Amino acid sequence: MSDTPADLKYTKSHEWVRDGGDGTVTMGITDHAQAALGDLVFVEVPETGRKLSAGDACAVVESVKAASDVYSPVNGEVVEANEGLADAPEKVNESPYADGWLMKIRLDDDSGLNGLMDAEAYAATLDE
Amino acid sequence: MPFIPHNEDDIRAMLEAIGVDAIDDLFDEIPESLRISELEHVPPGMSEMEIERLMHRRAAQDHGALCFIGAGAYEHHIPAAVWEITTRGEFYSAYTPYQAEASQGTLQLIYEYQSMMSSLTGLDVSNASLYDGASAMAEAALMAVRANRKSKSARILVAGTVNPVYLKVARTIAGNQGLSFEPIPMDPATGLMDHGALAAFEGDDITALVIQQPNFLGNLEQVDELVDWAHARDALAIAVVNPVSLALLKPPGEWGGKGADIACGEGQPLGVPLSSGGPYFGFMTCKGAFVRQMPGRIVGRTVDLEGRPGFTLTLQAREQHIRRSKATSNICTNQGLMVTAATIHMSLLGTEGLERVAASSMANTSRLVSRLSEIPGVRPMFDSPYFHEAVLRFDCPVAPVLDALAERDVLGGYDLSGDFPELGQALLVCATETKLEQDIDAYARALGEIMRKAQVA
Chain A
1 MSDTPADLKY TKSHEWVRDG GDGTVTMGIT DHAQAALGDL VFVEVPETGR KLSAGDACAV
61 VESVKAASDV YSPVNGEVVE ANEGLADAPE KVNESPYADG WLMKIRLDDD SGLNGLMDAE
121 AYAATLDE
Chain B
1 MPFIPHNEDD IRAMLEAIGV DAIDDLFDEI PESLRISELE HVPPGMSEME IERLMHRRAA
61 QDHGALCFIG AGAYEHHIPA AVWEITTRGE FYSAYTPYQA EASQGTLQLI YEYQSMMSSL
121 TGLDVSNASL YDGASAMAEA ALMAVRANRK SKSARILVAG TVNPVYLKVA RTIAGNQGLS
181 FEPIPMDPAT GLMDHGALAA FEGDDITALV IQQPNFLGNL EQVDELVDWA HARDALAIAV
241 VNPVSLALLK PPGEWGGKGA DIACGEGQPL GVPLSSGGPY FGFMTCKGAF VRQMPGRIVG
301 RTVDLEGRPG FTLTLQAREQ HIRRSKATSN ICTNQGLMVT AATIHMSLLG TEGLERVAAS
361 SMANTSRLVS RLSEIPGVRP MFDSPYFHEA VLRFDCPVAP VLDALAERDV LGGYDLSGDF
421 PELGQALLVC ATETKLEQDI DAYARALGEI MRKAQVA
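One line per chain: the protein sequences are A and B, in this order. Take the first sequence: its position 93, counted from the start at 1, is 93 in the working numbering, and no numbers get skipped. Take the second sequence: its position 43, counted from the start at 1, is 43 in the working numbering, and no numbers get skipped.
Take these hints with a grain of salt, some might be off.
[What the hints assert, rightly or not] Across the chosen pairs, the derived CB separations fall in these ranges: (1) A/S13 - B/G19: 33 to 41 Å; (2) A/A35 - B/R356: 42 to 50 Å; (3) A/V41 - B/E352: 52 to 60 Å; (4) B/G310 - A/T48: 39 to 47 Å; (5) B/G307 - A/A35: 27 to 35 Å; (6) A/D99 - B/R301: 43 to 51 Å; (7) A/E94 - B/G310: 41 to 49 Å; (8) A/G84 - B/G353: 29 to 37 Å; (9) B/Y92 - A/A124: 41 to 49 Å.
[Said to hold, decoys possible] In silico contact screen, one side only, chain B against chain A (beta carbon under 10 Å); selected entries: (10) R57; (11) E319; (12) I322; (13) R393.
By construction, these hints were calculated from the structure, which means they are not laboratory data. Predicted model, so just to flag it, every value in this text is computed and none were measured. Ideal Cβ placement from N, Cα and C applies to all residues, glycine included.
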C-alpha cells in the first residue's frame with residue numbers, strides 16, 4: 001500500500017505538491033510512482049528560471065527499465081531544483097516526499113493549486 | 001527455420017482472424033493521394049546475372065586510375081586481413097546485439113571500437129556509430145541543443161570551412177526541427193575560418209560552434225582559440241575531425257582550456273574502401289557529462305551474476321524502443337559491419353601504424369604540392385599549415401584540366417569552383433600513403449603536359 005500524506009496535493013500523473021504558503025510550492029513524484037518505476041538510476045531536473053505551464057514535461061526520472069517524464073502540476077517558474085539528485089537518484093525511491101523532492105516552483109497566481117486532488121481522491125485513483 | 005515466415009494460407013488465416021478482407025484494407029486511413037502506386041525513377045528488377053554484368057562494367061570504368069581526390073573520403077591501404085576477418089560468419093550480421101547472452105563477440109568488438117574512438121578523440125564516451133560523417137554532424141548539432149541548457153536559441157554557428165555537403169545534410173536533417181545553421185565566412189587569404197566574423201555574434205545566445213579540423217580545404221584551424229571563444233559564451237564546441245589525422249594532431253578533448261564537448265566525423269578512412277561513396281560510417285564521442293544526450297547505442301562492460309566480466313548495451317532507457325517519440329534519437333548501431341572493419345583495421349595498425357599512415361600521407365601531399373607547383377600556371381593557394389590535403393590555384397579553368405587528366409587515368413582532385421567560387425580556379429588535392437613517388441611523378445608529368453598544351457593554345 002503506497003503512502004499518500006494528507007497534507008499534500010496530487011495529480012493524476014503521480015506528482016505531489018506541497019504548498020509553501022509563500023507563493024511557492026515544492027513538488028516531486030509520489031510513493032506509488034517511485035515504486036512502479038523501480039530503482040532510479042538518473043534524475044534530470046530543470047534549470048532554475050524555466051517557465052512552466054501545468055502539464056509541461058519538466059523533469060525526467062530514469063530507472064533501469066524506462067525513462068519517464070514528470071509533468072508540472074502548476075503554472076509558474078522554477079526557483080530551485082534538487083541538484084543533489086544527480087549524484088543520489090536513490091533518494092527519490094527512499095524518501096519521495098522529503099529528500100527526494102524535485103523542484104520548487106513560484107506560482108504565477110493563487111489559482112494554481114485548484115485543479116489538484118487531495119490525498120483521498122488521489123488514493124482512490126490508485127485503487128481503480 | 002524457413003526464411004519466409006508466412007505463406008498465402010497463413011496470411012489469409014490472419015486476415016480472417018482480424019476480420020479484414022485484404023492487406024490493402026489495413027492502409028485505408030491513408031488518403032489515396034499520399035500513396036505511391038509506382039516508383040517512377042526506379043528501373044525494374046534485374047536478374048543476378050544481369051546485375052553482375054552491369055557491376056563489372058561499372059567497376060571497369062575505375063580501372064587503373066590514380067586517385068588524388070580527397071574532399072571527405074580518402075583512399076588508404078586496407079590490410080587484406082581486415083575484410084577477411086570482418087566477413088567471417090561470426091561478424092557478418094547487420095543485427096543489433098540486443099541479446100547480450102547471444103552476442104558477446106559483437107558487443108565486445110563494439111566496446112573495443114568505442115574505447116579506440118574515445119582514445120583517439122580524447123573524450124570520455126563514444127557511441128556505437130552513426131550513418132556517416134555528414135549525418136553525425138547533424139546529430140551532434142541536435143545533441144548540442146539538448147545538452148546546452150543555458151541556450152534557448154538552437155542557433156548553430158558553422159565554420160565556413162566545414163565540408164559543404166555536411167552543412168547541407170545538417171540542414172536537411174535538423175532544419176525542420178527548429179535548428180538554424182549559420183555559416184561563419186572563410187577568409188580567402190588563409191583558407192581558415194574568419195575569426196573576425198565572430199564579432200557579429202557577440203552577446204547573442206549561441207547553442208554551439210562547429211569547427212572542422214583539418215578543415216575541408218585541408219588547412220589546420222586555430223582550434224584552441226575557437227573552442228575557448230565558444231565556451232566563454234556558454235556555447236558548446238563541436239569538432240568535426242578526420243580520425244586518421246588524430247594520430248598526429250591534438251585530440252578534440254584537449255582543444256582550448258576545456259576541450260571540445262562533442263567530436264564527430266567520417267569513419268571511412270579507418271578500413272572502409274571508397275566504394276563509389278558508401279556504405280561508410282559516422283562516429284561520435286563526447287564528454288561524460290553529456291552521455292545521456294548522446295544519440296545511438298552504447299555498449300558497456302559489466303559483470304554477470306557470478307562476477308565474470310561481460311558486455312551489454314547500456315543506457316538504453318533514453319532510446320527509441322523505450323522512450324518512443326521522446327527518445328534521444330532514432331539512431332541504432334547503424335553501420336555495424338563498417339565498425340567491425342574499422343576496429344580490426346585499427347587493431348592491426350596499432351598506434352604506431354596509424355601514426356605512420358598519417359605521417360606518410362602528410363609527407364606525400366607536401367611532395368605532391370611542391371611537384372605540381374613547379375608547373376607554370378599552378379601554385380599553392382594558401383600559406384596555412386595543412387594535413388594531407390591542400391588547395392592549388394590555377395591560371396586556367398580547372399574543369400577541362402581534370403577531364404584531360406582523367407583521360408590519362410589520373411583523378412586529379414576536387415574542383416572547388418562550385419563550393420568556393422571566391423577562390424577562383426582552385427583544386428583540392430590529396431595524396432595519402434597509397435601514392436608512391438612514381439605516382440606523384442606520373443601526376444606531375446601529365447599535368448605539366450596538359451598545362452603546356454593549354455598555354456600554347
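These are the hints, each one checked on the structure:
Between A/S13 and B/G19 the CB atoms are about 35 Å apart, so this pair conforms to the stated range of 33 to 41 Å. At about 58 Å, the CB distance of A/A35 to B/R356 disagrees with the hint of 42 to 50 Å. Checked against the given bound of 52 to 60 Å, the beta carbons of A/V41 and B/E352, roughly 40 Å apart, lie outside it. Between B/G310 and A/T48 the beta carbons are some 41 Å apart, a value that agrees with the proposed interval 39 to 47 Å.
For the pair B/G307 and A/A35, the supplied restraint of 27 to 35 Å holds, since their beta-carbon distance comes to about 29 Å. In this structure the supplied range 43 to 51 Å is violated for A/D99 paired with B/R301, their Cβ-Cβ distance being about 32 Å. Checked against the hint of 41 to 49 Å, the pair A/E94 and B/G310 fails, with Cβ atoms roughly 29 Å apart. Between A/G84 and B/G353 the beta carbon distance is about 47 Å. The supplied range of 29 to 37 Å is therefore violated.
Separated by about 57 Å at the C-beta atoms, B/Y92 and A/A124 break the suggested range of 41 to 49 Å. Hint status for B/R57 relative to chain A: violated, with the closest Cβ pair at about 51 Å, above 10 Å. At about 9 Å, the closest approach between the beta carbon of B/E319 and any beta carbon in chain A falls short of 10 Å, and the interface hint on this residue holds. A distance limit of 10 Å between C-beta atoms decides the matter here; for B/I322 the minimum to chain A is near 5 Å, and the interface restraint holds.
For B/R393, the shortest C-beta to C-beta distance to chain A is roughly 50 Å, which exceeds 10 Å, and the interface hint is violated.
Checked against the numbered hints above, the structure violates hints 2, 3, 6, 7, 8, 9, 10, 13; every other hint is satisfied.
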